[in-house]
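Start from chain A and add chain B according to the hints.
Sequences listed follow chains A and B, in order.
Counting along the first sequence from 1, when you hit position 99 you're at 99 in the numbering used here, and nothing is skipped either side.
Counting along the second sequence from 1, when you hit position 94 you're at 94 in the numbering used here, and nothing is skipped either side.
Since the hints were derived computationally from the structure, they do not count as laboratory data.
Because the structure is a prediction, the values reported are computed rather than measured.
For each residue, glycine too, the CB sits at the ideal point set by N, CA and C.
Among the hints, a few may not be true.
[What the hints assert, rightly or not] BS3-like mimics (lysine-lysine), calculated; alpha carbons at most 25 Å apart, straight line: (1) B:LYS52 x B:LYS190; (2) B:LYS147 x A:LYS34; (3) B:LYS186 x A:LYS117; (4) B:LYS31 x A:LYS117.
[Said to hold, decoys possible] Here are the simulated distance ranges between beta carbons: (5) B:VAL26 x A:ARG190: 14 to 20 Å; (6) A:ARG190 x B:SER150: 33 to 39 Å; (7) B:SER82 x A:VAL169: 54 to 60 Å; (8) A:ALA224 x B:LEU16: 46 to 52 Å; (9) B:GLY32 x A:VAL227: 41 to 47 Å.
[What the hints assert, rightly or not] A partial selection of chain B residues facing chain A, derived with a Cβ cut-off under 10 Å: (10) ASN3; (11) VAL15; (12) ARG20; (13) LEU62; (14) VAL85; (15) HIS102; (16) LEU105; (17) GLY115; (18) ILE117; (19) GLU122.
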Amino acid sequence: MSATTPGELTTPGLGGGLRDLRQSGFLLKLLVRKELKVRYRGSVLGLLWSYVKPGVQFIVFYVALGVFLGLERSPRNPEGLSNYAVYLFSGIVLINFFSEALGNAARSIVNNGNLIKKIYLPRELFPVASVWVSGVHFFPQLVVLVAGCLIAGWHPDVFQLLAAVAGFVIVGLLATGLGLLFGAANVYFRDSENLVDMLLMVATWASPVMYAWTMVQEKLGAAAFAVYQANPVTIGVELFHYAFWFPTTDGSAAVPPNLFSLWTPVGLGVALLVLVLGQLTFRRLEGRFAQEL
Amino acid sequence: MVNAIEVSDISKQFVLRHTRSIKEAVVWLAKGRKGDLSEKFHALKNVSVEVKTGETVALLGLNGSGKSTLLKHISGVMLPDSGTVRTRGRVAGLIEVGAGFHPDLSGRDNVFLNGAILGMTEQQVNDRFDDIVEFSEIGQFIDTEVKFYSSGMYLRLAFSVAVHTDPEVFLIDEILAVGDEPFQRKCISKIQELAQNGKTLVVVSHDLDLVSRICARGILLEHGVVKFDGSIHDAVALLRS
Numbered sequence: 001m002s003a004t005t006p007g008e009l010t011t012p013g014l015g016g017g018l019r020d021l022r023q024s025g026f027l028l029k030l031l032v033r034k035e036l037k038v039r040y041r042g043s044v045l046g047l048l049w050s051y052v053k054p055g056v057q058f059i060v061f062y063v064a065l066g067v068f069l070g071l072e073r074s075p076r077n078p079e080g081l082s083n084y085a086v087y088l089f090s091g092i093v094l095i096n097f098f099s100e101a102l103g104n105a106a107r108s109i110v111n112n113g114n115l116i117k118k119i120y121l122p123r124e125l126f127p128v129a130s131v132w133v134s135g136v137h138f139f140p141q142l143v144v145l146v147a148g149c150l151i152a153g154w155h156p157d158v159f160q161l162l163a164a165v166a167g168f169v170i171v172g173l174l175a176t177g178l179g180l181l182f183g184a185a186n187v188y189f190r191d192s193e194n195l196v197d198m199l200l201m202v203a204t205w206a207s208p209v210m211y212a213w214t215m216v217q218e219k220l221g222a223a224a225f226a227v228y229q230a231n232p233v234t235i236g237v238e239l240f241h242y243a244f245w246f247p248t249t250d251g252s253a254a255v256p257p258n259l260f261s262l263w264t265p266v267g268l269g270v271a272l273l274v275l276v277l278g279q280l281t282f283r284r285l286e287g288r289f290a291q292e293l
Numbered sequence: 001m002v003n004a005i006e007v008s009d010i011s012k013q014f015v016l017r018h019t020r021s022i023k024e025a026v027v028w029l030a031k032g033r034k035g036d037l038s039e040k041f042h043a044l045k046n047v048s049v050e051v052k053t054g055e056t057v058a059l060l061g062l063n064g065s066g067k068s069t070l071l072k073h074i075s076g077v078m079l080p081d082s083g084t085v086r087t088r089g090r091v092a093g094l095i096e097v098g099a100g101f102h103p104d105l106s107g108r109d110n111v112f113l114n115g116a117i118l119g120m121t122e123q124q125v126n127d128r129f130d131d132i133v134e135f136s137e138i139g140q141f142i143d144t145e146v147k148f149y150s151s152g153m154y155l156r157l158a159f160s161v162a163v164h165t166d167p168e169v170f171l172i173d174e175i176l177a178v179g180d181e182p183f184q185r186k187c188i189s190k191i192q193e194l195a196q197n198g199k200t201l202v203v204v205s206h207d208l209d210l211v212s213r214i215c216a217r218g219i220l221l222e223h224g225v226v227k228f229d230g231s232i233h234d235a236v237a238l239l240r241s
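Next comes chain B alone, as it looks inside the complex:
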């Protein structure tokens, strides 16, 4: 098996306070330059992760441990300060439900727009449009503006577009917790189906029972450092202890 994702030794620093206005700079000078104008902290510190094609990986950790930041580096939204990230094939992410949905456009327009944002071609959206609508169970509301959708409908449509983009690497950030029970089951079985088809999955979730069902491997992050990398059950047990 070849590697689908190679993250080698990446670090990322974030600036905590942003002081940009002249006023604040003057106050800082007047106070005798006490403290730093900008504080930095490491969101990721020397993180190396290799994911093979077809692996299902869960990124685990408490809030602020750097899971989402790592995911954003894999998707290319963020670039590391040092180290390299490399991926193979098309990477698509369900980073947040409905990012790129416009409330004033109809469901139909949003399917096209969101599909294109996630990297589908015109032909692909046209071909899969019926499947997307059917999976989302939106039915007749597809031509209604999405601002009138219930949050469940909104989520279902967004998820449906995302799973139909057919990327090689699929990034999922904390979106499985929404939607009603039957639809959630449907989503999970769809994700499992993707995994069986040899897609690479990287999942961020706090729902430990759920990720243990979907993923085989768990990576535990703590304060931006990889604490544990191994089977999902050991990772979950470690996080719970």
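So here's chain A without its partners, still in its complex pose:
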């Protein structure tokens, strides 16, 4: 070893935020792999749980809402939604992704407290890894959804597939931003994770997952409907409907007005804004993580 040491004096503990993740790609990969390995440890069904849980959830909602509450279109119920099963499931998979991503990201800092207290690493890794893991768990559900769509006669065009990608990206960014925000806040106030649970329950119903957006428009005025529409999760769900459900219908169903010209950019904008806010809050709070955990 030579006497000269490389590099300049630097201040430890000051990260570059999400930008640091590029250098920590290897660690991010390992953290994601760890979560995936650990998730279903010791269970007989293993990864099959990723299929079973949304499957059961789908059946329950379909029977209760589609059949009992009459949302499914049938000869006796011409007002209902055609292919309600596909409509329902395409929304559910996206909401599931959002719920899992945000719920785990909000708990990720506290759950990894042991590590954060002892070793310095970019702490953004933990919420981002949680979102990433949820993305991986989203995949089997997507496979089931596509299979269902194909049975229902799905023939999407490129634009519709792009809409699905856009919906996923918007919701993923939003979950990351909120995950950073609530994950950091959770270190100081454990109320944060309860607040997130509540938000997630609201999110499921505040987007047209179970019902059609037209029902909302009828009840709310134009202004209130605009507020409803500005929710990035709502936009994501509508984009998913456009991508997966719309091509299985006869094309007579209405697409929300200005979905692509206005609402998709708005959703992306709101999600990015939340991400920036989440990152800023996270950086303000992370300096005291080690002593508060």
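Below, chain B alone, put in the same frame as chain A:
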């Protein structure tokens, strides 16, 4: 020689009691605001330390004197309330054995995960994997989940990963006391080898005989203040008196 670590005039306050719930706040108000809701104390007070590259430094002091807190500031886990900490090159710490080990993963997976956490690249872990396993004497158990390891095996693997991370500055917090006699000797000779190779070492330990063998310089902390900074033998003598 250049400085590897520059700690200038840092202070750190900790809040002793955390009162966050509405209930406690109401009780406090109802009792006529007696006492402070949060008490603070200085864990570190105007501490300045400079460590040159290749120095071996022991942080000594009784429990609660701020040794570990200082170490955490050097590693970047904590940020000071005032003052600055600067380091040169990569800093890695054996802050606690097996922090970042996951019990449900195999030894192999944990070597990769822990290596990455301590700042190694994929290439580095791959290159050093065999050395790590050999040094740890884990052998055939490397593919067993670490929850089935004995505490000694756990420690050996964790230590082995840490010494193979090859940082410029090596922080060691109270981990040398574990493991059986032969392995402990092996660890100490490995640490001495690192020191001879020009690595900077900062060690926190209550084992005074051990640190006198490894370190040349001793810094004695008392209630968050530097009491003495000089040769290890004088520091140990002062602490013992």
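Hint by hint, here is what the structure shows:
no.: 1; hint: B:LYS52 x B:LYS190; in the structure: holds (21 Å)
no.: 2; hint: B:LYS147 x A:LYS34; in the structure: holds (15 Å)
no.: 3; hint: B:LYS186 x A:LYS117; in the structure: violated (28 Å)
no.: 4; hint: B:LYS31 x A:LYS117; in the structure: violated (35 Å)
no.: 5; hint: B:VAL26 x A:ARG190: 14 to 20 Å; in the structure: holds (19 Å)
no.: 6; hint: A:ARG190 x B:SER150: 33 to 39 Å; in the structure: holds (35 Å)
no.: 7; hint: B:SER82 x A:VAL169: 54 to 60 Å; in the structure: violated (42 Å)
no.: 8; hint: A:ALA224 x B:LEU16: 46 to 52 Å; in the structure: holds (49 Å)
no.: 9; hint: B:GLY32 x A:VAL227: 41 to 47 Å; in the structure: holds (46 Å)
no.: 10; hint: ASN3; in the structure: holds (7 Å)
no.: 11; hint: VAL15; in the structure: holds (8 Å)
no.: 12; hint: ARG20; in the structure: holds (6 Å)
no.: 13; hint: LEU62; in the structure: violated (21 Å)
no.: 14; hint: VAL85; in the structure: holds (6 Å)
no.: 15; hint: HIS102; in the structure: holds (6 Å)
no.: 16; hint: LEU105; in the structure: holds (6 Å)
no.: 17; hint: GLY115; in the structure: holds (9 Å)
no.: 18; hint: ILE117; in the structure: holds (6 Å)
no.: 19; hint: GLU122; in the structure: holds (5 Å)
When the structure is compared with the earlier hints, violations turn up for hints 3, 4, 7, 13 and for no others.
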